[in-house]
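Peer 1: Model the placement of chain Y on the given structure of chain F, informed by the hints.
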Amino acid sequence: MSQSNFSEAVIHRATFIERDSLTIPILKILQADGTTYEDAVLPQIDQQLSQRIFDACIFTRVLDERMLAAQRQGRISFYMTCTGEEAAVLGSVAALDDGDVILAQYREHAALRYRGFSTQQYMDQLFSNEQDLGKGRQMPIHYGINALNFQTISSPLATQIPQASGVGYSLKLQQKPNVAICYFGEGAASEGDFHAGLNMASVHKVPVIFFCRNNGYAISTPTEEQYAGNGIASRGLGYGMHTIRVDGNDMLAVLAATQQARAYAVKHSAPVLIEAMTYRLGAHSSSDDPSGYRSKDEEAKWQQHDPVKRFKLWLIKEGWTTEADEQALYSKYRDEVLAAVKVAEKVPSPKIDLLIEDVYDQPPPRLKQQLEELKQHIAKYPKAYPKTAGRL
Amino acid sequence: MAKMNMLQAINQALTLEMERNDRMLVFGEDVGHFGGVFRATSGLQDKFGKDRCFNTPLTEQGIAGFANGLASNGMTPVAEIQFADYIFPAFDQIVNEAAKFRFRSGNQFNVGGLTIRTPYGGGIAGGHYHSQSPEAYFTQVAGLKVVVPRNAYQAKGLLLASIRDNNPVVFFEPKRLYRASVNDVPEEDYEIPLGQAEVIQDGTDVTVLAWGAQVEVVQKACDMAKEAGISCELIDLRTLAPWDVEAVAKSVIKTGRLVINHEAPLTGGFAGEIAATIQQECFLYLESPIMRVCGLDTPYPLVHEKEYMPDAFKTFEAIKASVNY
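Just so you know, the sequences run in chain order F and Y. Mapping the first sequence onto the numbering used here, position 47 (from 1) lands on 47, and the numbers just tick up by one. Mapping the second sequence onto the numbering used here, position 242 (from 1) lands on 242, and the numbers just tick up by one.
Looking at chain F on its own, in the form it has when it is part of the complex (with noise of 0.2 Å):
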């Protein structure tokens, strides 16, 4: 058995392989103006679909625009957008069953939506008040939510990836028809958990899709300076992994080739990877000027590869969507988000109490021993801690 797992043809003159070597083609469907290549096998997609991907890119549009205008305002401390990734996320989670395990990085919260997070529940955890279901312990937009199979967003860059693989040997022990869906940047792929999630994934037969946004950027580096070779997607191809690159930007490839992906990793329990070529048009975060490092041109020239807009035009020639509707959606969204954020605002935050809790299942002495202490000291000095003081 030993040696077996490799390719032989013979050769009598040293002659390498080279980059150029290897040809990944990339799918493309949809063309800018909405109509589709004339060759091309579209996704299993139909307007009851299309109406609530198309619902999700309209609410994280609006959800980004807001969230980031409430950080400048100084109402939350921290935020993230997924703008002109949504093709790249939505495509992928439309083509997912709900039983299928998210494990996201962070920029993905169009799929939370897709899967049916509340608007309230993005402020909950946005404000870090008590309804937040991470308890306020984490920055915002490390959402998780264990009834919509989305696990909860860890800092650490690529820690979710090995973990993926084991959530999806999980599911494969468990004997579910599921899969583990694995989101990461390009940046996400230097770190040495990629290299040991995909190796686990490739050599233990896991059902799991690793899902790499390349958006161009790791905060401010551009791919060029991450990586060498022939993208991401090569690197799925060492691994032994089903691989396919395709347009980030591409609503019905992205569907196309996640569904693919699916019923391959499900059918054969063996891990794919997919990568989504696309581009960050935001900062990498609120607090990330991208004016330092890439060009307005460049910003200009991704703003026509704008993947929400190719998608509208390609449902309005299929009459299944107008400007009109759009512009419906926004405003009614606008208006959800605002009162929501109203709502949030006025709920307080976690109780002290909670401070010591889910360390571990149950609190050991000394913790309960640290947090008397605390009370105590805060009654003592209620003015230098306004926001538990009066909860005690």
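Everything labelled a hint here was simulated from the structure, so no lab data went into it. Any given hint could turn out to be false.
Covered, in the sense of this in silico footprint (three residues per stretch, anywhere, with C-beta under 8 Å from a C-beta of chain Y), are these stretches of chain F [said to hold, decoys possible]:
| id | region |
| --- | --- |
| 1 | 33 to 42 |
| 2 | 127 to 135 |
| 3 | 147 to 156 |
| 4 | 161 to 173 |
| 5 | 183 to 196 |
| 6 | 200 to 209 |
Beta carbons: idealized from backbone N, C-alpha and C, even for Gly.
Peer 2: Positioned in the frame of chain F, the structure of chain Y alone reads:
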């Protein structure tokens, strides 16, 4: 009851729990058919199949990350890191992920079913990459439990309790005792509760505290002290996080003195934490400063292993110094 060494006891604990819990998996480098480099997992693959007991690629961060994913989705992974010296590539997955999974998600997700087993410690002529005792690094991590058995009987009971505990546990196995520690071990299922120290020997003059393989060493020192007319109370901490402050304080209030022994270097070692806590809890009862007998602040050496070790003679001297202060 049967005579068993620590590896056999560990193997039996794993077998018993795999029979009971079909969601339990055992994996790591070489743990499959071969049964691990120390053979702790011998026979498990034959018995439970390749899906539940398997080799992984050589990737500690992959093993820990994979285990986190499994545990987060309802499985009971027992992952082996081949040597505790090699746990550091997995450090991020253990410290930033496993330990914080429940807290950071507001208990939306947790990895309570996870146990990481790893052989630790010196005395086997292993040099610095096969001898380290890195337990202190993990004791500072809120959310982890850290457990160290001292013999075969303890290993079986503590391992079963660790696997069934609803929190991630790092289980350090004293490898120099793997075959050397032979006890009467019940064949049946039993647990030794986590978080509780054990008073192994009652005494009145000084409390001597250790864990893992060092318990045997300090036992020898206590015997030497007895010859010299000193009565030692010997405690095995067993669980380092969360540790049994009450039991140690109770003993120190009685004896008025404390000597702590561990293999890891002195600076930043877990003895420092114990000393600070006990001086706060027992200040008015202390008759002498709390003593620490530890490894030197060097990497673990090969040739000078015997000199480096916090052995029985060094501990005996510390006991005398404590009593005669």
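Peer 1: Would you list, in rising numerical order, the hints stated earlier that this structure does not obey?
Peer 2: 1
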